[in-house]
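A.B. asks: The lines below spell out each chain.
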Amino acid sequence: MTRNRIKLEIEIPTQTRYLGLIGNIGEQLAWDLSDYGGDRDVLAYNLNLVLTEALSNVIKHAGSDNQALRVCISIEGNSLSIQVHDQGLGFDLEGVPCPDPEDLCERGRGIFIIRHLMDSVDYRKTDKGNVLEMKKKL
Amino acid sequence: MTRNRIKLEIEIPTQTRYLGLIGNIGEQLAWDLSDYGGDRDVLAYNLNLVLTEALSNVIKHAGSDNQALRVCISIEGNSLSIQVHDQGLGFDLEGVPCPDPEDLCERGRGIFIIRHLMDSVDYRKTDKGNVLEMKKKL
Amino acid sequence: MNITLDNKDGSTLLRFHEERLDAHNSKELKDYLLELMDSGSKKLILDLSEVRFVDSSGLGALLSGHKNAGLREGRFALVGVQSRVQSMFELTRLTRVFEIYPGVEDALADGTGERPHDSKQD
Amino acid sequence: MNITLDNKDGSTLLRFHEERLDAHNSKELKDYLLELMDSGSKKLILDLSEVRFVDSSGLGALLSGHKNAGLREGRFALVGVQSRVQSMFELTRLTRVFEIYPGVEDALADGTGERPHDSKQD
Ligand SMILES: Nc1ncnc2c1ncn2[C@@H]1O[C@H](COP(=O)(O)OP(=O)(O)O)[C@@H](O)[C@H]1O
Ligand SMILES: Nc1ncnc2c1ncn2[C@@H]1O[C@H](COP(=O)(O)OP(=O)(O)O)[C@@H](O)[C@H]1O
Numbered sequence: 001m002t003r004n005r006i007k008l009e010i011e012i013p014t015q016t017r018y019l020g021l022i023g024n025i026g027e028q029l030a031w032d033l034s035d036y037g038g039d040r041d042v043l044a045y046n047l048n049l050v051l052t053e054a055l056s057n058v059i060k061h062a063g064s065d066n067q068a069l070r071v072c073i074s075i076e077g078n079s080l081s082i083q084v085h086d087q088g089l090g091f092d093l094e095g096v097p098c099p100d101p102e103d104l105c106e107r108g109r110g111i112f113i114i115r116h117l118m119d120s121v122d123y124r125k126t127d128k129g130n131v132l133e134m135k136k137k138l
Numbered sequence: 139m140t141r142n143r144i145k146l147e148i149e150i151p152t153q154t155r156y157l158g159l160i161g162n163i164g165e166q167l168a169w170d171l172s173d174y175g176g177d178r179d180v181l182a183y184n185l186n187l188v189l190t191e192a193l194s195n196v197i198k199h200a201g202s203d204n205q206a207l208r209v210c211i212s213i214e215g216n217s218l219s220i221q222v223h224d225q226g227l228g229f230d231l232e233g234v235p236c237p238d239p240e241d242l243c244e245r246g247r248g249i250f251i252i253r254h255l256m257d258s259v260d261y262r263k264t265d266k267g268n269v270l271e272m273k274k275k276l
Numbered sequence: 277m278n279i280t281l282d283n284k285d286g287s288t289l290l291r292f293h294e295e296r297l298d299a300h301n302s303k304e305l306k307d308y309l310l311e312l313m314d315s316g317s318k319k320l321i322l323d324l325s326e327v328r329f330v331d332s333s334g335l336g337a338l339l340s341g342h343k344n345a346g347l348r349e350g351r352f353a354l355v356g357v358q359s360r361v362q363s364m365f366e367l368t369r370l371t372r373v374f375e376i377y378p379g380v381e382d383a384l385a386d387g388t389g390e391r392p393h394d395s396k397q398d
Numbered sequence: 399m400n401i402t403l404d405n406k407d408g409s410t411l412l413r414f415h416e417e418r419l420d421a422h423n424s425k426e427l428k429d430y431l432l433e434l435m436d437s438g439s440k441k442l443i444l445d446l447s448e449v450r451f452v453d454s455s456g457l458g459a460l461l462s463g464h465k466n467a468g469l470r471e472g473r474f475a476l477v478g479v480q481s482r483v484q485s486m487f488e489l490t491r492l493t494r495v496f497e498i499y500p501g502v503e504d505a506l507a508d509g510t511g512e513r514p515h516d517s518k519q520d
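Residue numbers (my numbering), protein chains in the order written: chain A, 1 to 138; chain B, 139 to 276; chain C, 277 to 398; chain D, 399 to 520.
Only chain A is shown next, with the shape it has when bound in the complex:
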């Protein structure tokens, strides 16, 4: 049954100016979820953050001005799933190294943050490109 599901499919231009919009929609979801027992402020920040990290990766590493940036968020029961699509060349998610805390490199923390905040992260080819799928039990 899909009757207890919340599902958002969002398309935005491939531009960083819309990161705030999507992040804030993620926060809104956290605040308006029924039956969430945890700290909503923390959940709100974390959804904002994983959405921002995943979308800005597409813009930086797989973006094209001619394509829309597509993200799908769904919540069914206590299962949250976020899918971020790209039409770039793809990359090896498992090969992304964990950042060395001693190394003050300015980049390379996005995937680490996503992995830390979500229960599972998966990147795979689709018929139209690639999708980063992030799941979490609420």
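Rather than coming from a laboratory, the hints here were simulated on the basis of the structure.
Mixed in with the good hints, there may be bad ones.
Claimed, not checked - Pair by pair, the computed Cβ-Cβ distance ranges are:
| # | chain 1 | residue 1 | chain 2 | residue 2 | range |
| --- | --- | --- | --- | --- | --- |
| 1 | B | LYS198 | D | LEU403 | 51 to 57 angstroms |
| 2 | D | ASP504 | B | LYS273 | 51 to 57 angstroms |
| 3 | B | HIS254 | D | LYS425 | 40 to 46 angstroms |
Stated by the list, open to error - Only pairs whose alpha carbons sit at most 30 angstroms apart, straight line, appear in this in silico BS3-like list of lysine-lysine:
| # | chain 1 | residue 1 | chain 2 | residue 2 |
| --- | --- | --- | --- | --- |
| 4 | A | LYS60 | A | LYS136 |
| 5 | A | LYS7 | A | LYS137 |
| 6 | B | LYS145 | A | LYS137 |
| 7 | B | LYS274 | A | LYS7 |
| 8 | A | LYS125 | A | LYS135 |
| 9 | B | LYS145 | B | LYS198 |
| 10 | B | LYS275 | A | LYS7 |
| 11 | B | LYS266 | B | LYS198 |
| 12 | B | LYS273 | B | LYS145 |
| 13 | A | LYS60 | D | LYS465 |
| 14 | A | LYS128 | B | LYS266 |
| 15 | A | LYS60 | D | LYS425 |
| 16 | A | LYS7 | B | LYS266 |
Glycine included, each C-beta is placed from N, C-alpha and C at the ideal position.
Fit chains B, C and D with the ligands to the known structure of chain A by using the hints.
C.D. replies: Relative to the frame of chain A, chains B, C and D with the ligands by itself:
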């Protein structure tokens, strides 16, 4: 081209508890729109309001617990369009009377408010039910 | 619905602790107001200062409170109305219907049950 | 990017007037900090009290400021860090890297350019 479009397709359970979520997403859109010259606070309230009115009409007059409530919001250039779907029996939009300001009736102001705030309002059959389409130039 | 009650100089002060008064909670507010009046509270002052959003069904609940207070020769005053909510009253031409005061003290000071605008007319 | 500059006891106080420090404005902040240092401002205090959200690229901009201040024997202190932003530093183990003070006065009072934690260590 769809590359300058913002598009949201949202499905929620047919329950009034989610009105706030959708209304707040509408507000978020108003705040994060690029190049809007008008008063964003007013636009935010008005988007919240037309979404709330249209969705609560579906819940009240065309709702079924077994079906998802579907709304689609798109913004392309300065054209905003909101589509709210239902699978009820439908109704005659043109036949809805304008409320009499002297009459203190507790209901019957939803369509009036929508008409007042949007440039065009249209209700029609689709292959899966009906859709209320509301448009506005921003 | 989160609402708290207080007695002030013989009036019942209701504080509505919700950001939205909409189809989700308007029926509950309407029923609550009616119960209060039926159990003898005739002078109600509803503090809306936390409410930043009202829809048409919220207006309906307020109208119900207004009409039922009239029928019982009681009073139903609104205080703390935010400007966006006020513009909802204007859009639906209800500004002159409701008894609206800036704050609780103003409503108590003018305890006539007449609409504040009436004195200025003719 | 909305940022304002002020001089305080020989330090340059920067107030970042944005709610978010993310991939949309982090490059601009990074470049701005570098320009300031290259034009002679060596002691920077960045007030983040309006920032309620930082992403990994925002952390990158702050790290760039920190590293460049170090290279120039200058100073890069953060003040007004909100608790959610602080937890971003913790998650990425940067809490001990940055020089963080509650407020501007605290940063000025302790103008050593040393990290506040250093004094406590051995
Ligand atoms: N959607 C994507 N398409 C292609 N490559 C990506 C994508 N997302 C991440 N990557 C690759 O993974 C690396 C690590 O990403 P991340 O941890 O977010 O750090 P950063 O983006 O700061 O380099 C990136 O440098 C990039 O090479
Ligand atoms: N989606 C819908 N399906 C069926 N009937 C509808 C729908 N939306 C509105 N209506 C009809 O139009 C009337 C006017 O709607 P509205 O102005 O919102 O007032 P209210 O819902 O308070 O009665 C409703 O009473 C209902 O009969």
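A.B. asks: Given the hinted pair LYS7 of chain A and LYS137 of chain A, is their alpha-carbon gap at most 30 angstroms?
C.D. replies: 16 angstroms, holds
A.B. asks: Under the criterion that the straight-line Cα-Cα distance not exceed 30 angstroms, is the pair LYS145 of chain B, LYS137 of chain A satisfied?
C.D. replies: 27 angstroms, holds
A.B. asks: LYS60 of chain A and LYS425 of chain D: Cα distance at most 30 angstroms?
C.D. replies: This hinted pair holds, its Cα atoms lying about 12 angstroms apart.
A.B. asks: Would the pair LYS60 of chain A and LYS465 of chain D pass a check requiring their Cα atoms to be no farther apart than 30 angstroms?
C.D. replies: 23 angstroms, holds
A.B. asks: Would you say the C-beta atoms of LYS198 of chain B and LEU403 of chain D sit inside 51 to 57 angstroms of each other?
C.D. replies: Holds, since LYS198 of chain B and LEU403 of chain D (Cβ atoms, about 55 angstroms apart) stay within the stated range.
A.B. asks: Take a quick look at whether LYS266 of chain B and LYS198 of chain B sit within 30 angstroms of each other, Cα to Cα.
C.D. replies: Measuring from Cα to Cα gives roughly 19 angstroms; hence the hint holds.
A.B. asks: For HIS254 of chain B and LYS425 of chain D, compare the CB-CB distance with the range 40 to 46 angstroms and indicate the outcome.
C.D. replies: 44 angstroms, holds
A.B. asks: Is LYS145 of chain B close enough to LYS198 of chain B, meaning Cα to Cα at most 30 angstroms?
C.D. replies: 26 angstroms, holds
A.B. asks: Starting from LYS128 of chain A, check that the Cα of LYS266 of chain B is at most 30 angstroms away, please.
C.D. replies: At roughly 27 angstroms apart (the allowed maximum being 30 angstroms), LYS266 of chain B and LYS128 of chain A satisfy the hint.
A.B. asks: Given the proposed pairing of LYS125 of chain A with LYS135 of chain A, does the C-alpha separation stay at or below 30 angstroms?
C.D. replies: 17 angstroms, holds
A.B. asks: Holds or violated: LYS60 of chain A and LYS136 of chain A, Cα atoms, limit 30 angstroms.
C.D. replies: 25 angstroms, holds
A.B. asks: If you draw a straight line from the CA of LYS7 of chain A to the CA of LYS266 of chain B, is it 30 angstroms or shorter?
C.D. replies: Measuring from Cα to Cα gives roughly 19 angstroms; hence the hint holds.
In the structure shown, no violation is registered for any of the earlier numbered hints.
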